[in-house]
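> If you want the building blocks of each chain, they are given just below.
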Amino acid sequence: MIDTIIFNDIIHGLFVLILGTAALIITQRSLTSLFNIYAAQSLILAVMAIVLFIEYGTLNLLFIAILTLAVKTIFIPLFLHKVLKRISVKRDLQFMFLSPASSILISAILIFVVYLFFTNIAGDLFADRLILLVGVIGIALALMGMMVIFSRKRVITKTVGYLTMENGVLLFSLFMAEMPFIIEILIVLDLLMIIVLSAVLAFGIDSGMEEFHKKLNRLGIWIED
Amino acid sequence: MNWNMILYTVLNTAFVLLFAPLLVSLIKKVKAMCQGRRGTPLLQTYFQLFKLFKKEIIYSDNSSFIMRISPYLNIAFLLVASIFIPIVFIPAQESGFGNIILFLYLMVCARFFMALSGLDAGSTFGGMGSSREMTIASIIEPTTLMACAAIAFILKTTNIPEMFGTVLDGSILQYPTLFLVPSSLFIILIVETARVPVDNPETHLELTMVHEAMILEQSGPKLALMELSYGIKQLILMALLINILFPWGMATDATAAGILISIASFIVKALILAVVMGVFESFFAKIRFFRLPDFFMIAFFLSFATIVFELLS
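Residue numbers (this note's numbering), protein chains in the order written: chain A, 919 to 1143; chain B, 23 to 335.
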C-alpha cells in the first residue's frame, strides 16, 4: 500500500507521459524513434501495472507487467528494428488525409469528445474519478492509434498504430476489470502473430499499401480490384 | 501603491535588467562548448551592449518615426511585463496588477512594434523577417493562450503572483496536472526567444532568419535596446517556467534575507535552465518553416490535455 495522494500523483504522472508518447507517435517521422517511443510507452504501462500491483496486491497485475515488459518493450521493438534493417526506408514521410498538425488537433478534440461522452452518457458507471480518467485516456489512446493507422501510408507505421491501439485497450483493462490472465496472454500472442505476419507476408513492407495490393494481385491472392 | 510595492518594482526591474544579458551569453557559451569551441566570455553581452550605447545612430532615409520609437516601446512593454513576474519576492496583491492575460497582451504589443519596425525601413530582409514573425506568432499565440489558460485553470487564478504563491504554499505534488504544463511552456520559450528548431539566433547571414532580420536596420543605442529587450523577454519567460515548476526559495515578504535567498536560488535555477536550453538547441537542427506547426501543435495538445486532465481529477 502506498499513500493515496502519492499513488494518485504517480498514476497521474504516468498518464501524462502516456499522452506525451501518443502525441509523439502521431507526429514522429523517423521510424527508429517511432519504435523507441512505442517501447517507452509500453514501459510506462508496465510501470503502471507494477504501481497498481503494489497498491492492490493482485498477482495478475504483476504478471501483466512482466509480460508487457518482456514482449512489448523488448521483443517487439527489437523485431521491428530488425525488419527496419532489411528494408530500405528509414522515414515515413507520407501522410494521407491528415497532416501531422491537424491529426494532433483532432486527437485533442478526440480526448475532449470521449470525456464528454463518458461524463454525460456513462457518467453513473464511474463512481471513482480515477477510473473515469482511465476510461477517457484509454479509449482516446485507442482512437489515436486508429488515427495513426489511417493517416500513415507505410505498412510498418500502420503496425505501430495498431500496437498503440492495443496499448490503449490494455490501459483500459488494467483499471477497469479483472481480466483473466489467459486472455491477456492470448492478446499478446495475437500481437506477436500480427507483427510476424506483417513482416513476413509483407515482403513489400517497405512499400505503400497500394503497391502491396499490386504485388498480391500478381500472386493471385488479392482478388477484388 | 505602498512602499512595499515600490521596493518590489525597483528591485525586480533592476534584477531583470542586470541579469538578462548574462543568460544570453551563457546559452551562447554552452552552445559553443557543445560544438567544441571555447566560446565568448560570459560577460560578452554586457561589453557588446556597452559598446553599442556609445555608437551613433544611423537611420535609413525611407524610415519613419516608427523606427525611432519602436525600441523604446519594445523595452517599455517588456519591462512592464517583467514587473508581472515576481522574482525577488512575491508582493502583496494590488488590483489590476499581475494579470496573466494583460501580461500576454504586453508581450504581443512588444512583438507588434518589433515587426512594424522591421517593415518600416523598407529593406527586403526586414520585411521578410516581420512577415515570418507574424506567421509564427499567429500559430504560437493560441498555444500560449492555451498553456496560460491551463495554468490559470489548475491554480484557479489569473493573477501571476498569486499563482506563484499557490504553488509555493502547496507542493507541486498537490497539482499533478502541472507536470504537463512545463513542456508546453518550454516549447513556447524556445519559439518566443527565436531559438534553434524555429529560428537561429546566431547569425544575420541566413536567409531563414526571423528575429535577427527584424532588427537588422537598427543601429547604435537603439540596437542595444532591442538586444536588451530580447534578453528581458527570455528572462521573464524563463522565470515564468521556473516559478511555476520549481518555486522553492521564493520569499513571500520583503525581508533582506528572504530577498537575497530568492535572488540566489533564482540565479541558480535560471543558470541550470539556460544550460538545458543550450544543450537542447545543440541537439536539434532547424525545422523547415512549413513544418513548424507540427512542433507547436505538440505544445497545444499538451496544454489542451492538461485542461481535460484537470476536468477529470
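Keep in mind that a hint or two might mislead.
So, partial list: chain A residues that the calculated Cβ filter (under 8 angstroms) puts toward chain B [claimed, not checked]: (1) 927; (2) 938; (3) 945; (4) 1000; (5) 1023; (6) 1025; (7) 1030.
Using 20 angstroms as the maximum straight-line C-alpha spacing, the simulated SDA-like pairs for lysine to any residue come out as follows [what the hints assert, rightly or not]: (8) A/1071 with B/316; (9) A/1076 with A/958; (10) B/308 with A/945; (11) A/1071 with B/313.
Hints are computed from structural coordinates only; laboratory data are not their basis.
Quick reminder that beta carbons are idealized off the backbone N, C-alpha and C, glycines included.
> A separate judgement is required for each hint: does it hold in the structure or not?
Comparing the hints with the structure gives:
A distance limit of 8 angstroms between C-beta atoms decides the matter here; for residue 927 of chain A the minimum to chain B is near 5 angstroms, and the interface restraint holds. Hint status for residue 938 of chain A: holds, given a least beta-carbon distance of 7 angstroms to chain B, under 8 angstroms. At about 5 angstroms, the closest approach between the beta carbon of residue 945 of chain A and any beta carbon in chain B falls short of 8 angstroms, and the interface hint on this residue holds. With a cut of 8 angstroms, the hint placing residue 1000 of chain A at the interface with chain B is violated, because the nearest CB-to-CB distance is about 27 angstroms.
With 8 angstroms as the threshold, the beta carbon of residue 1023 of chain A comes within range of chain B, its nearest partner Cβ sitting at about 6 angstroms, so the hint holds. Satisfaction of the interface hint for residue 1025 of chain A is found here, the shortest Cβ-Cβ separation to chain B being roughly 7 angstroms, below the 8 angstroms cut-off. Checking residue 1030 of chain A against chain B: minimum C-beta separation of about 6 angstroms stays under 8 angstroms; hint holds. With a C-alpha separation of about 18 angstroms, the suggested pair residue 1071 of chain A and residue 316 of chain B falls inside the 20 angstroms cut-off, and the hint holds.
Of the supplied pair hints, the one linking residue 1076 of chain A and residue 958 of chain A holds, its CA atoms being roughly 18 angstroms apart against a limit of 20 angstroms. In summary, the hint linking residue 308 of chain B to residue 945 of chain A is supported, as the alpha carbons are separated by about 17 angstroms, within the 20 angstroms threshold. Proximity of residue 1071 of chain A to residue 313 of chain B is assessed by CA-CA distance (about 18 angstroms); at most 20 angstroms being required, the pair is judged to hold.
Hint 4 from the earlier list is the only one contradicted by this structure; the remaining hints agree with it.
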